[in-house]
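A.B. asks: When we follow the numbering used here, the leftmost residue of the sequence shown carries the number 12, and every step to the right adds one.
Hints in this document: simulated from the structure, not taken from any laboratory.
In this text, all values refer to a predicted model and were calculated from it rather than measured experimentally.
Hints should not be assumed to be uniformly reliable.
The list that follows gives simulated cross-link-like pairs (lysine to aspartate or glutamate, EDC-like), each with its CA atoms no further than 16 Å apart [what the hints assert, rightly or not]:
#1 89 x 141
#2 125 x 145
#3 157 x 200
#4 25 x 145
#5 27 x 59
#6 156 x 208
#7 27 x 85
#8 87 x 145
#9 89 x 47
#10 157 x 109
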Amino acid sequence: MSLVTVGAELLSAKEKLQSFENNVTVFGSARIESSDPLYFKAYELGKELSNAGYNVFTGGGPGIMSAANKGAYEGKSKSIGLNILLPQEQSSNPYLDENITFNYFFSRKVMLVKYSSACIYFPGGYGTADELMEVLTLMQTRKMKKMPIVLYDSKFWRSLLSWIEQTVDKSYVNQEHFELIRVVDSVEEIMSIVETEVCL
Numbered sequence: 012m013s014l015v016t017v018g019a020e021l022l023s024a025k026e027k028l029q030s031f032e033n034n035v036t037v038f039g040s041a042r043i044e045s046s047d048p049l050y051f052k053a054y055e056l057g058k059e060l061s062n063a064g065y066n067v068f069t070g071g072g073p074g075i076m077s078a079a080n081k082g083a084y085e086g087k088s089k090s091i092g093l094n095i096l097l098p099q100e101q102s103s104n105p106y107l108d109e110n111i112t113f114n115y116f117f118s119r120k121v122m123l124v125k126y127s128s129a130c131i132y133f134p135g136g137y138g139t140a141d142e143l144m145e146v147l148t149l150m151q152t153r154k155m156k157k158m159p160i161v162l163y164d165s166k167f168w169r170s171l172l173s174w175i176e177q178t179v180d181k182s183y184v185n186q187e188h189f190e191l192i193r194v195v196d197s198v199e200e201i202m203s204i205v206e207t208e209v210c211l
């Protein structure tokens, strides 16, 4: 890892993103196909957020990211992608008003949440879990401001939540930090949380 490159990436992204306000970041799998019901739900959420006045940030790639960006792009606000250069995947999706590319996951993860006012997590793999745990850790340790953390699809997240409950039972995690997480099963619930807690 080049510290010079990391610093340059952070500075460049800051210059491009700091003017955006009322931003919501959507995370989720890059591998979900456009025929998957989750794709449509992410698209629906992106459009609802955009029409309500919120810019939508994603990792800029395919799958859930593309769906949320597409919805936002067709709405009234901005669609922003923060992509990562990988040897085998992933190219930027075409639904972006602003497209920023990173060499390192570290700097990308920082910028995905630095200007965000809420984080929404759709089902995903290692990357989505990593992004969720990093945000929870930063809030737990007061290294970033508290904001809504919303997990979509309770059935998918059930096993992870059960594991976190075990960490609470063993006093590895405080109950108050477990309660940072909201779990929902509809776009309407997400919008209600965002519109109640993220003031335009």
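A.B. asks: Look at each hint and say if it fits the structure.
C.D. replies: Verification of the supplied hints:
1. With a CA separation close to 26 Å, the supplied pair residue 89 and residue 141 exceeds the 16 Å bound.
2. Our distance criterion of 16 Å between C-alpha atoms is met by residue 125 and residue 145, whose separation comes to about 12 Å.
3. For the given pair, residue 157 sits about 19 Å from residue 200 by alpha-carbon distance, which is inconsistent with the 16 Å threshold.
4. A distance of roughly 20 Å separates the Cα atoms of residue 25 and residue 145; the hinted pair therefore is violated under the 16 Å criterion.
5. Simply put, residue 27 and residue 59 have alpha-carbon atoms about 24 Å apart, too far for the 16 Å limit, and the pair is violated.
6. Between the alpha carbons of residue 156 and residue 208 the distance comes to roughly 13 Å, so the proposed pair stays at or under 16 Å and holds.
7. Distance check on the hinted pair: residue 27 and residue 85 sit about 21 Å apart at the alpha-carbon level, beyond 16 Å; violated.
8. Using a Cα cut-off of 16 Å, the hinted pair residue 87 and residue 145 is violated, with the two alpha carbons roughly 30 Å apart.
9. Our distance criterion of 16 Å between C-alpha atoms is broken by residue 89 and residue 47, whose separation comes to about 24 Å.
10. Simply put, residue 157 and residue 109 have alpha-carbon atoms about 26 Å apart, too far for the 16 Å limit, and the pair is violated.
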